[in-house]
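Chemist: Read off the chains here:
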Amino acid sequence: MEFLLSGILAITWQQVIMYCIGGLLIYLAIGKGFEPALLMPMGFGAILVNLPLSGVLDQILEGGIESHGIIQWLFETTIESSEALPILLFIGIGAMIDFGPLLSNPKMMIFGAAAQFGIFFTIALACLFGFDLKDAASIGIIGAADGPTSIMVSQIFDSKYMGAIAVAAYSYMALVPIIQPFAIKLVTTQKERSIRMPYNPRNISKLTRILFPIIVTIIAGLIAPMSVSLVGFLMFGNLLRECGCLNSLSQTAQNEFANIITLLLGITISFSMQAENFVRFETFLIMLLGLVAFIFDSIGGVLFAKLMNLFLKEKINPMIGAAGISAFPMSARVIQKLAMAEDKQNHLLMHAIGANVSGQIGSVIAGGIILYLIPQFVK
Amino acid sequence: MLSAQAITNFLISLEIMGLGMAGIFTVILVIMLVVFLLGKIGGKQEEDLQD
Numbered sequence: 001m002e003f004l005l006s007g008i009l010a011i012t013w014q015q016v017i018m019y020c021i022g023g024l025l026i027y028l029a030i031g032k033g034f035e036p037a038l039l040m041p042m043g044f045g046a047i048l049v050n051l052p053l054s055g056v057l058d059q060i061l062e063g064g065i066e067s068h069g070i071i072q073w074l075f076e077t078t079i080e081s082s083e084a085l086p087i088l089l090f091i092g093i094g095a096m097i098d099f100g101p102l103l104s105n106p107k108m109m110i111f112g113a114a115a116q117f118g119i120f121f122t123i124a125l126a127c128l129f130g131f132d133l134k135d136a137a138s139i140g141i142i143g144a145a146d147g148p149t150s151i152m153v154s155q156i157f158d159s160k161y162m163g164a165i166a167v168a169a170y171s172y173m174a175l176v177p178i179i180q181p182f183a184i185k186l187v188t189t190q191k192e193r194s195i196r197m198p199y200n201p202r203n204i205s206k207l208t209r210i211l212f213p214i215i216v217t218i219i220a221g222l223i224a225p226m227s228v229s230l231v232g233f234l235m236f237g238n239l240l241r242e243c244g245c246l247n248s249l250s251q252t253a254q255n256e257f258a259n260i261i262t263l264l265l266g267i268t269i270s271f272s273m274q275a276e277n278f279v280r281f282e283t284f285l286i287m288l289l290g291l292v293a294f295i296f297d298s299i300g301g302v303l304f305a306k307l308m309n310l311f312l313k314e315k316i317n318p319m320i321g322a323a324g325i326s327a328f329p330m331s332a333r334v335i336q337k338l339a340m341a342e343d344k345q346n347h348l349l350m351h352a353i354g355a356n357v358s359g360q361i362g363s364v365i366a367g368g369i370i371l372y373l374i375p376q377f378v379k
Numbered sequence: 001m002l003s004a005q006a007i008t009n010f011l012i013s014l015e016i017m018g019l020g021m022a023g024i025f026t027v028i029l030v031i032m033l034v035v036f037l038l039g040k041i042g043g044k045q046e047e048d049l050q051d
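Heads up: the sequence lines are chains A and B, in that order. For the first sequence, this note's numbering begins at 1 and goes up steadily by one. For the second sequence, this note's numbering begins at 1 and goes up steadily by one.
Worth double-checking, as some hints may not be accurate.
Part of the chain B face toward chain A, derived, beta carbon under 7 Å [said to hold, decoys possible]: (1) Ser13; (2) Met17; (3) Leu19; (4) Ile24; (5) Phe25; (6) Val30; (7) Ile31; (8) Val34; (9) Val35; (10) Leu37; (11) Leu38.
Honestly, the hints are just simulated from the structure, not real lab data. Treat the numbers as computed from the prediction; the structure is a model and nothing was measured. Just so it is clear, CB atoms sit at the ideal spot from N, CA and C, and this is done for glycine as well.
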């Protein structure tokens with residue numbers, strides 16, 4: 001009967017830590033409601049892949065018999081060899097986004113660029129901590145506040161820290177309501193946070209809504225070709241939404257399709273959370289650097305808005321700059337809440353949503369640009 | 001102490017920061033310009049339809 005004890009006897013202390021981490025992720029998902037669609041499958045997957053001789057991973061059994069594991073197979077086929085899952089998820093995300101607030105107020109688009117600063121700041125910081133350029137870039141992209149982009153970039157750069165990067169990206173996205181107010185208050189005064197902005201939306205024609213995803217894809221594809229798989233699928237999803245003749249496809253992309261991909265992505269990414277790759281000091285550093293990335297994204301956006309205010313007659317509430325990160329729609333809601341905390345009559349939500357959806361575009365372009373730039377410098 | 005490789009990578013990362021941010025701003029500014037133009041054309045078409 002000794003075989004019944006073989007699993008228990010094979011447990012390592014690192015695996016026990018992973019059970020605790022898995023339990024923590026499940027608690028954050030269920031108990032606190034932090035990104036439950038991703039953190040719950042990732043937490044459960046972290047336990048699954050760390051059970052000794054786990055059947056969800058490939059194993060060589062006694063007698064040389066090979067056993068194939070489902071999570072390893074999913075990872076190798078849908079993430080490692082094709083990046084299919086993170087890219088496909090963008091169809092669903094694109095179908096969910098209404099770019100109307102951005103199209104009616106295109107000035108807000110600039111914050112989608114400014115609030116990517118944290119990515120590059122963190123790459124520089126990660127280099128100082130001794131990470132090589134590819135790993136530093138994979139860590140910096142946590143600041144895209146966009147899980148699929150983080151997974152895709154770290155996979156293409158073959159980063160051994162992908163598990164930690166995915167956990168950091170999704171955890172901090174869930175913590176945006178805590179991180180952003182702190183970062184914004186660091187660099188704004190109460191008077192600045194109270195600036196009111198009138199909202200005068202103009203009508204957006206159907207033609208504009210249809211042309212927008214096509215034009216963005218072409219521009220991003222021509223200027224930053226590596227971003228085209230991310231931008232292209234995001235905009236394809238949006239075109240499904242806006243074309244008006246594919247409502248059932250659009251609804252499927254927004255709901256069933258996005259849900260299936262999210263479910264599979266969460267459990268599949270747990271492959272990279274095996275104890276020997278995850279329980280190490282670098283994971284702690286990556287969590288810290290991820291936080292820095294989110295903080296400096298917000299600070300970058302706010303400071304850029306303050307810079308613009310030096311030249312503008314009608315001032316922009318600098319908090320809008322922080323909404324240029326990709327965490328949609330959480331970031332826009334945070335800005336609205338902060339504005340209301342200073343002045344109950346100050347309604348910034350639509351401006352913030354404009355900047356926030358621009359952040360979606362900015363983050364995938366940032367991912368594409370990093371994928372293009374880093375190999376130029378790596379020998 | 002920082003290794004020589006870390007300092008080299010840091011200096012490269014500053015260059016990447018400059019190029020990357022410039023690249024993102026360029027793409028976004030071009031998209032912004034096109035959206036402004038689309039807005040103008042769309043607005044003009046609406047006015048024509050009202051006339």
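Chemist: Once the shortest beta carbon distance from leucine 38(B) to chain A is found, is it less than 7 Å?
Modeler: Because about 5 Å separates leucine 38(B) from the closest Cβ in chain A, which is inside the 7 Å limit, the hint holds.
Chemist: How about valine 34(B): closest beta carbon in chain A under 7 Å, or not?
Modeler: 5 Å, holds
Chemist: Does the CB of valine 30(B) sit less than 7 Å away from some CB of chain A?
Modeler: Since the shortest Cβ distance to chain A is 5 Å, the answer is holds.
Chemist: Tell me if valine 35(B) is really an interface residue toward chain A, meaning its C-beta lies closer than 7 Å to one of theirs.
Modeler: Valine 35(B) check passes; min Cβ-Cβ to chain A is 4 Å, inside 7 Å.
Chemist: Mind checking the CB of isoleucine 24(B) against every CB in chain A and telling me if the closest is under 7 Å?
Modeler: Holds, about 5 Å.
Chemist: So, as I understand it, the hint says leucine 19(B) touches chain A; can you test that by seeing if any CB pair is closer than 7 Å?
Modeler: 6 Å, holds
Chemist: Quick check on the hint: methionine 17(B) CB to chain A CB, less than 7 Å?
Modeler: 4 Å, holds
Chemist: If you take the shortest Cβ to Cβ gap from isoleucine 31(B) to chain A, is it below 7 Å?
Modeler: Since chain A brings a Cβ to about 6 Å from isoleucine 31(B), closer than 7 Å, the hint holds.
Chemist: Would the stated hint for leucine 37(B) survive a check requiring a Cβ distance to chain A of less than 7 Å?
Modeler: With a closest approach of 10 Å, the leucine 37(B) hint is violated.
Chemist: Against chain A, with CB atoms and a cut of 7 Å, does the hint on serine 13(B) hold up?
Modeler: Given a least distance of 4 Å, the restraint on serine 13(B) holds.
Chemist: Are phenylalanine 25(B) and chain A close enough, Cβ to Cβ, to be under 7 Å, as the hint says?
Modeler: Result: holds, 5 Å to nearest chain A Cβ.
Going through the hint list in order, the structure does not satisfy hint 10, though it satisfies all others.
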